[in-house]
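Please take these sequences and the hints and turn them into a complete structure.
Residue numbers (my numbering), protein chains in the order written: chain A, 2 to 159; chain B, 2 to 159.
Since the hints were derived computationally from the structure, they do not count as laboratory data. Just so we're clear, the structure is a prediction, and the values are computed from it rather than from any experiment. One or more of the hints may lead you astray.
It does not matter which identical chain is used: a pair holds within one copy or between any two.
Stated by the list, open to error - Result set (SDA-like, lysine to any residue): computed pairs, CA atoms no more than 25 Å apart in a straight line: (1) Lys-139 / Phe-86; (2) Lys-19 / Lys-55; (3) Lys-125 / Phe-86; (4) Lys-107 / Leu-58; (5) Lys-132 / Gln-20; (6) Lys-55 / Leu-136.
Number of protein chains: 2
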Amino acid sequence: MSVSTFGDKGKLVLPPAKQLTIVTCMDARIDPAASLGIPEGDAHIIRNAGGSAKDALRSIVISQRLLGTREVAVFHHTNCGMLTFSTDQLRGIVKDAAPGDAAVAKQVDEIEFLEFSDIHAAVKSDVEFLKASPLVLKETEITGWTYDVETGKIERVV
Amino acid sequence: MSVSTFGDKGKLVLPPAKQLTIVTCMDARIDPAASLGIPEGDAHIIRNAGGSAKDALRSIVISQRLLGTREVAVFHHTNCGMLTFSTDQLRGIVKDAAPGDAAVAKQVDEIEFLEFSDIHAAVKSDVEFLKASPLVLKETEITGWTYDVETGKIERVV
Numbered sequence: 002m003s004v005s006t007f008g009d010k011g012k013l014v015l016p017p018a019k020q021l022t023i024v025t026c027m028d029a030r031i032d033p034a035a036s037l038g039i040p041e042g043d044a045h046i047i048r049n050a051g052g053s054a055k056d057a058l059r060s061i062v063i064s065q066r067l068l069g070t071r072e073v074a075v076f077h078h079t080n081c082g083m084l085t086f087s088t089d090q091l092r093g094i095v096k097d098a099a100p101g102d103a104a105v106a107k108q109v110d111e112i113e114f115l116e117f118s119d120i121h122a123a124v125k126s127d128v129e130f131l132k133a134s135p136l137v138l139k140e141t142e143i144t145g146w147t148y149d150v151e152t153g154k155i156e157r158v159v
Numbered sequence: 002m003s004v005s006t007f008g009d010k011g012k013l014v015l016p017p018a019k020q021l022t023i024v025t026c027m028d029a030r031i032d033p034a035a036s037l038g039i040p041e042g043d044a045h046i047i048r049n050a051g052g053s054a055k056d057a058l059r060s061i062v063i064s065q066r067l068l069g070t071r072e073v074a075v076f077h078h079t080n081c082g083m084l085t086f087s088t089d090q091l092r093g094i095v096k097d098a099a100p101g102d103a104a105v106a107k108q109v110d111e112i113e114f115l116e117f118s119d120i121h122a123a124v125k126s127d128v129e130f131l132k133a134s135p136l137v138l139k140e141t142e143i144t145g146w147t148y149d150v151e152t153g154k155i156e157r158v159v
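The following block contains the structure:
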């Protein structure tokens with residue numbers, strides 16, 4: 002999009018119009034605007050490997066306390082890369098690529114990679130985490146969803 | 002988009018076609034597909050409050066080691082919410098909303114909110130962080146950019 006055709010988009014304001022925060026995966030096949038039907042200006046979109054709510058907590062606190070969002074929707078998706086490995090395996094891959102490097106070993110051992118083995122269970126677990134977190138506002142509406150990258154189908158889990 | 006019109010999108014594969022990872026803000030006014038010109042399937046899109054590369058490290062390691070990306074582009078944007086507060090102020094807001102709640106105080110004190118006071122400096126600092134990180138592959142091409150939410154203009158910083 003060129004600057005000259007940018008038009009009214011430039012007038013959108015900072016706080017999300019729908020007071021909504023989306024948490025979803027960084028996966029290249031997901032476009033929240035097109036896939037999830039979220040127009041620009043409506044929602045904060047947090048994306049990370051797997052769409053982890055735990056990993057998103059810093060951003061959610063900012064979204065709620067400073068920018069007024071009051072709803073969180075967590076989306077996980079089929080064929081997710083997070084279903085394919087374990088934290089121990091990935092730590093091994095990183096260490097094997099830098100044999101004897103103590104800084105690499107120390108830093109990678111400090112990262113929990115937050116993989117999961119079932120997307121429905123992962124959605125439920127993330128919603129429970131947010132509901133139990135003392136840092137998430139009590140009045141928040143929290144929902145959990147799956148997205149099928151092969152068909153585009155969206156399903157509510159919780 | 003309905004399931005019946007989903008078409009060839011369902012055939013996109015898991016690894017990003019352009020071996021590219023984008024790191025940008027959760028801001029509601031940013032749509033990486035439309036604003037940054039990244040088609041579905043081409044790149045991992047990591048988004049968090051501010052577009053922090055530090056916060057994205059877990060996801061970047063997964064993106065590089067398991068899904069073959071070799072380029073990272075960090076985007077910060079004008080009128081970002083991260084320019085408007087400090088970690089101490091936000092910790093105060095959260096604690097003031099739950100007076101005497103020790104769990105809230107403990108957990109919020111553990112979070113660095115990663116605010117910044119200048120978007121160009123923040124882009125440079127994030128790129129330097131990634132270049133210095135022993136967990137990021139040495140051969141990675143790392144660039145830093147700003148996005149103007151009022152005009153749509155994109156500028157390369159580093």
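Exercise for the section: Pop the pair Lys-107 and Leu-58 into one bin, within, between, both or neither, using alpha-carbon distances up to 25 Å. Expected result: both (24 Å within a copy, 14 Å between copies)
For Lys-132 and Gln-20, with the copy left unspecified, which applies at a CA distance of at most 25 Å: within, between, both, or neither? within (17 Å within a copy, 36 Å between copies)
Reference check for the pair Lys-55 and Leu-136, CA-CA at most 25 Å: within, between, both, or neither?
both (11 Å within a copy, 21 Å between copies)
**Request:** Pop the pair Lys-125 and Phe-86 into one bin, within, between, both or neither, using alpha-carbon distances up to 25 Å.
**Result:** This pair counts as within: shortest intra-copy Cα distance 20 Å, inter-copy 33 Å.
Regarding Lys-19 and Lys-55, is the shortest C-alpha distance of 25 Å or less found within a copy, between copies, in both, or in neither? Answer is within; shortest intra-copy Cα gap is 23 Å, inter-copy 28 Å.
Cα distance capped at 25 Å. Does Lys-139 pair with Phe-86 within a copy, between copies, both, or neither? between (34 Å within a copy, 23 Å between copies)
When the structure is compared with the earlier hints, no violation turns up for any of them.
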